[in-house]
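Asks: Dock chain B against chain A, hints included.
Protein sequences, first through last, are from chains A and B. Residues in the first sequence are numbered consecutively from 1, following the working numbering. Residues in the second sequence are numbered consecutively from 1, following the working numbering.
Keep in mind that the hints were calculated from the coordinates and are not lab data. Among these hints, one or two may not hold up.
For chains that are exact copies, the list does not tell them apart, and a pair is met inside one copy or across any two.
To be verified - In silico lysine to aspartate or glutamate, DMTMM-like type, Cα no more than 25 Å apart, as pairs: (1) Lys-43 to Glu-97; (2) Lys-107 to Glu-240; (3) Lys-181 to Glu-123; (4) Lys-181 to Asp-92; (5) Lys-218 to Glu-163; (6) Lys-181 to Asp-224; (7) Lys-6 to Glu-123.
Number of protein chains: 2
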Amino acid sequence: MTKNVKIIIEYDGTDFVGWQRQPNGRSVQGEIEDALRQIFSEKINVVGSGRTDSGVHARGQAANFFIPSSADVNDLLRSLNGLIFDDIVIHDVQVVEEKFSARYSAKEREYRYFITQMQTALERRYCWHVGYQLDIAKMNDAASKLIGSHDFQTFCRAEAATEHYLSSVFDARWDVESTGKLFFTIRANRFLHGMVRLIVGTLVDVGRGFTSVEEFEKIFHSHDVRNTGQSAPAHGLFLERVVY
Amino acid sequence: MTKNVKIIIEYDGTDFVGWQRQPNGRSVQGEIEDALRQIFSEKINVVGSGRTDSGVHARGQAANFFIPSSADVNDLLRSLNGLIFDDIVIHDVQVVEEKFSARYSAKEREYRYFITQMQTALERRYCWHVGYQLDIAKMNDAASKLIGSHDFQTFCRAEAATEHYLSSVFDARWDVESTGKLFFTIRANRFLHGMVRLIVGTLVDVGRGFTSVEEFEKIFHSHDVRNTGQSAPAHGLFLERVVY
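Looking at chain A on its own, in the form it has when it is part of the complex (with noise of 0.2 Å):
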């Protein structure tokens, strides 16, 4: 008999090749499932809401995984923070019902990515420097056309593979901290592999009008990711939350 444990977690992810375990280098996965492993003296394999690449951040990434069912739980956060280094911080921990899967019981993720105009040295690894002037309401204005249902296959890495592109966006805005760094938030049922990039990156082309707000929507709905902006670099993205 085993109990289903679900766990929140954050990391900086400067130092990982992503949150998925792979045969070379640091992953989030990874370093979980070594800690469980030491406590549970077996293999333990831990399920992420989704990946995330190399170097995006987390402040609320969720997971779930399979312990004996005598094992105790009351520990477990402190035995997990005391095992792994300290760019992981798990911040909570809760036995759920069986069926209970971090990947597929997901209803919505927030993602945020971070955008400053100044150049500053103690952000560098957690946003994204962008020099030349934005104009945010027509950042927002874009912004706006992605909320609702829509194939995002524009927005989805050419070499990534999946069934269909249909994503329901329940949110899009720009907004500026007190300290004038900008940030972009986005809900949706769904993520595509790179989306929240790719859009950043082309909202971003419409900022420094590059692109009209109306390119961009034909952009949108061309379902062709090679007419995007570039991809916004992974340091200034977090995956904030996950609603199950």
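Replies: Coordinates of chain B only, in the frame set by chain A:
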């Protein structure tokens, strides 16, 4: 003939041995001097407003140096940032009068110290994780005793050589950010070696109930560093700005 140039510097102290050039390891002063040598093909001595220890960050360190009067200052900001690795960013370059000294002309310096009560992966390099409950009202009560002109020998590292221990503290208070992060702001005309970190360590002892406000006052006036709490770790400390 030379021109006196003042610069404002932001740096992530994590990977530095500190501000001051040392035989081994990267220093902020050393990196800037190396870049200036590349630009002007001569050794240029950079004077900072003061030293910061290894691991201490700066948002607004100030420094000055002399360049040939024939040199063009307009491109210096860009040239310096182009040559220096991205954990140092120069934010301002201006020609100042010959007698200006970043060290001796400074009237006031402001430091901030950040504490998080929740373990964090993303901010682990920029704040001290203090797991136990802290009584902010008591910490502020104790901090208020520091304001004014006093002898701060208690909060000076024993090995530091200095003519006298007098400092005028204009402000010393704790605030709480909306995220729950605490920060201590202290402004003074002069800081002794290790002063902010010794004060913060001792105030945290007040906050957790190890030391009463009355005991804090006694420690402050004991002129003996052996009575203080632990020195708070370097990575929570930021030199915010220098006023001239």
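Asks: Against the structure, test the hints numbered earlier, and report the numbers of the ones violated in rising order.
Replies: Failing hint: just 6.
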